[in-house]
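Novice: Chains as they are written, first to last, in this note's numbering: chain A, 547 to 735; chain B, 547 to 735; chain C, 547 to 735.
Worth double-checking, as some hints may not be accurate.
Any copy will do: because identical chains look the same in the list, a pair fits if it lies in one copy or spans two.
[As the list claims (entries may be wrong)] Straight-line alpha carbon distances no greater than 20 angstroms define the calculated PhoX-like cross-link-like pairs of lysine-lysine that follow:
#1 LYS657 with LYS600
#2 LYS690 with LYS676
#3 LYS690 with LYS617
Rather than coming from a laboratory, the hints here were simulated on the basis of the structure.
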Amino acid sequence: MASKRFNCIANLFFLFIIISFSIVESSNKIRARRPCKTLTFYFHDIIYNGENAKNATSAIVGAPAWGNFTKLAGQNHFGDLVVFDDPITLNNNIHSSPIGRAQGFYVYDKKEIFTAWLGFSFVFNSTEHKGSINFAGADPLMNKTRDISVIGGTGDFFMTRGIATITTDAFEGEVYFRLCVDIKLYECW
Amino acid sequence: MASKRFNCIANLFFLFIIISFSIVESSNKIRARRPCKTLTFYFHDIIYNGENAKNATSAIVGAPAWGNFTKLAGQNHFGDLVVFDDPITLNNNIHSSPIGRAQGFYVYDKKEIFTAWLGFSFVFNSTEHKGSINFAGADPLMNKTRDISVIGGTGDFFMTRGIATITTDAFEGEVYFRLCVDIKLYECW
Amino acid sequence: MASKRFNCIANLFFLFIIISFSIVESSNKIRARRPCKTLTFYFHDIIYNGENAKNATSAIVGAPAWGNFTKLAGQNHFGDLVVFDDPITLNNNIHSSPIGRAQGFYVYDKKEIFTAWLGFSFVFNSTEHKGSINFAGADPLMNKTRDISVIGGTGDFFMTRGIATITTDAFEGEVYFRLCVDIKLYECW
């Protein structure tokens, strides 16, 4: 009988070792690549060109030596830094009711083709969503889809992390573009 | 007897399945919303206005077409990009001994009201704290309190994540403001 | 016999409590400070000075009132904002085959000495690496080594976090510098 009990305790002990090891490992090894939340939004950017002050939602605020502040620079806009406060909508219609604002900046960062680097937030204050989602990353915008990082969040999106897949849904010359942002959160709290 | 032992092993096995499942889940589900560290600091920003070169801790370095570099622009400073190196203090007295520097940038990003987007670090190199805390996020600065993300850290704040709650503790015209930053870290290493 | 079985179940129950508690704790306490991946790269920055348009990989796009866009400003370049698209190489030879691009911005942010704040990505699209690594943090560049945060990643670097240790490997006047970036990832998926 004593040996049976010993067996049981030995099993428990062995199990405990395995599990403890798994827990420590889990912090940087075991991860489910399954989103805990997904969201899809559109946002609309109208850049200031000297004549559209009323409608513009963004403006050039930095430019290289060869640039200016009412027209995107040559060389694929390299060096143009744009600040924006763009409406977020649930569909691709700029006239639909905005459910939040996309706020931050992007900078064109390559001379040979269009690429950008983005730092911005989705800011929500509606019955549906309260709080913010913060983004950063490279946007090689000639690619059909490109991924940037969700680096944090607040309110309903407390401490969240994930990936946002961006698609250029439409653009009109150099003044308007619309992005579709497909957010997949992999860390939820 | 054999059946009892079987029972015990069956229990262990069942337990193991449950726990393994919990571990995998834990990576994106179970999270304690209890800070592992809290810190409160103040920092002080004196913007360069063309006449205060000696005392200024920040400067406008980007501005929209309608702005300039010694005065914050109209339309709620929309588009003004400010770089700063501000003293961090433990209390609200700018003359108390600084314990670190707040370094980075903010950009005013809305025409209708004051809002900003921040990217900056707290840099410490004292006996009390060594290392840095990195922040990013939207600052709707007309709100009494607003949350931004702690997106990482180094040294004493290795790999940390969390939330920083910002309060405007004081401001004087357009030249000086003081922020209280209440940091709650939820990921500590 | 019944009491033995009870013992075994009691043990299991007790074990379960301990383990459950450990799991919840693990989310913000137990962490192995052992990298799950390490990578070392170099990148090369040639700043536009008005005469090197062909070779330049970066340009000043923001500057304080006392600065301009073809020469880094006085006061340790305080306020100069630089956008870059720099080649990444595996060794310190700028002429070796680039394996990706470092894209983003840095801003000099202190009047008394050289310090900067960085927001950028390593963008890879080769057989060896596909995807991006996103960085942010303070760079007190007079220090031999300094740490910034890896705040996220995409593709091969999906959801990654970690620390990048930067060393200035070489510089030539104000036009060229080469950084060695030693990346240690602590969160891998």
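Novice: If a hint holds in the structure, say so; if it does not, say that too.
Specialist: How the hints compare with the structure:
Within a single copy, LYS657 and LYS600 get their C-alpha atoms only as close as 31 angstroms, which misses the 20 angstroms cut-off; across copies the closest is 10 angstroms, which meets it. In this homomeric assembly, LYS690 and LYS676 come within 20 angstroms of each other (Cα to Cα) only across copies, at 16 angstroms, whereas the closest approach inside a single copy is 30 angstroms. Proximity of LYS690 and LYS617 under a CA criterion of 20 angstroms is satisfied in neither setting, with 25 angstroms inside one chain copy and 37 angstroms between copies.
Violated hint for the displayed structure: number 3, the only one.
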